[in-house]
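Chains A and B, in that order, are what the protein sequence lines are. Counting along the first sequence from 1, when you hit position 86 you're at 86 in this note's numbering, and nothing is skipped either side. Counting along the second sequence from 1, when you hit position 117 you're at 117 in this note's numbering, and nothing is skipped either side.
By construction, these hints were calculated from the structure, which means they are not laboratory data. Be aware that one or more of the hints could be misleading.
Claimed, not checked - Computed cross-link-like contacts, SDA-like style, restricted to lysine to any residue with a CA-CA straight-line distance of at most 20 Å:
1) K24(B) to T92(A)
2) K91(A) to T91(B)
3) K130(B) to G2(B)
4) K91(A) to G2(B)
Claimed, not checked - To give an idea of the interface, some chain B residues facing chain A are shown, with a C-beta separation under 7 Å as derived from the structure:
5) A10
6) P26
7) S28
8) V98
9) W124
10) F144
11) A169
As the list claims (entries may be wrong) - Residues of chain A clear of chain B, computed beta-carbon distances all greater than 10 Å:
12) L53
13) V95
14) S97
15) M98
Predicted, not measured: the structure shown is a model, and the values here were computed from it. Ideal placement from N, C-alpha and C gives every residue a C-beta, glycine not left out.
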Amino acid sequence: METGTILHLLSAYLFCMGLLTLILRRNAIVMLMGIELMLNAVNLSFVTFSRELSQLSGQVQVFFIITIAAAESAVGLSILVNVYRNFGSIKTDKVMSMRG
Amino acid sequence: MGEFAIILLAVLIVVLSGIMVFAKSPISSAFSLVLLMLCLAAIYAIIGAHFVAALQAIVYAGAVMVLFVFSIMLLNMNEDKSEVSLTSWRTLAGFGTVSVLFLFLTHAFFKWSIEPRLPKASQWTLAFIKEQGGNVVTVSGTLFSQNFIQFEIISLLLLVAMAAALVLAKRKAD
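The shape of chain A in the complex, shown without the other chains (with noise of 0.2 Å):
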């Protein structure tokens, strides 16, 4: 097999487990590492087919998608801070005030 479809396939998996993690877990903090292994996930597949098409902007666009993902979970980080402050816990199925 290629590396190039090795590194696909791969990337394909660690979005499904992104994902995954997003569906299964309850913790919040743990649904935040959920997004950031798919944004991982995206970095892999632009960083490959920027291997494969002899291109750099794929690489350019993994930096901005980086410091995006530092901004986000600074964010939404500090926000668990404060829901844990007021809730006492960061579960979700804990947190459902709008929920009713």
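Chain A is fixed; fit chain B onto it per the hints.
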């Protein structure tokens, strides 16, 4: 040699992502995610994307995951054990959705590798990048010439996110 190392790292990544999804405590999820990101950085370094490899190791495995581990310790979730039961409807629905998505994605990738839609003839081959002075030089050259405006906007966004995180996490004076 390179291909063998990539297969080894891919197997390691598959195992680590399984640990991350099904681990009992959030802290072991976080540490397996750190190892996974370091393995991804190694893969990037092997296939020649040195700039992205350095970013992955420094920003993801360094900064972002330290933030995660730190907030797990801050929130002190001792009672938070895992709740993944393999027989509930939610788990079945999750596995079903994810396997269908995986099938679609692999179908798309295989179709692309059989007949690529984009032209393959482009100048940035590995040999040409080496001739120009390496991956870091060429990627940062592209970053600061073609994508200069996006770079500035992204730096502004980081500043805004930093201020937002500071305001959100500050304890209210009451």
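_In rising order, the numbers of the hints this structure does not comply with_ = 4, 7, 10 and 12
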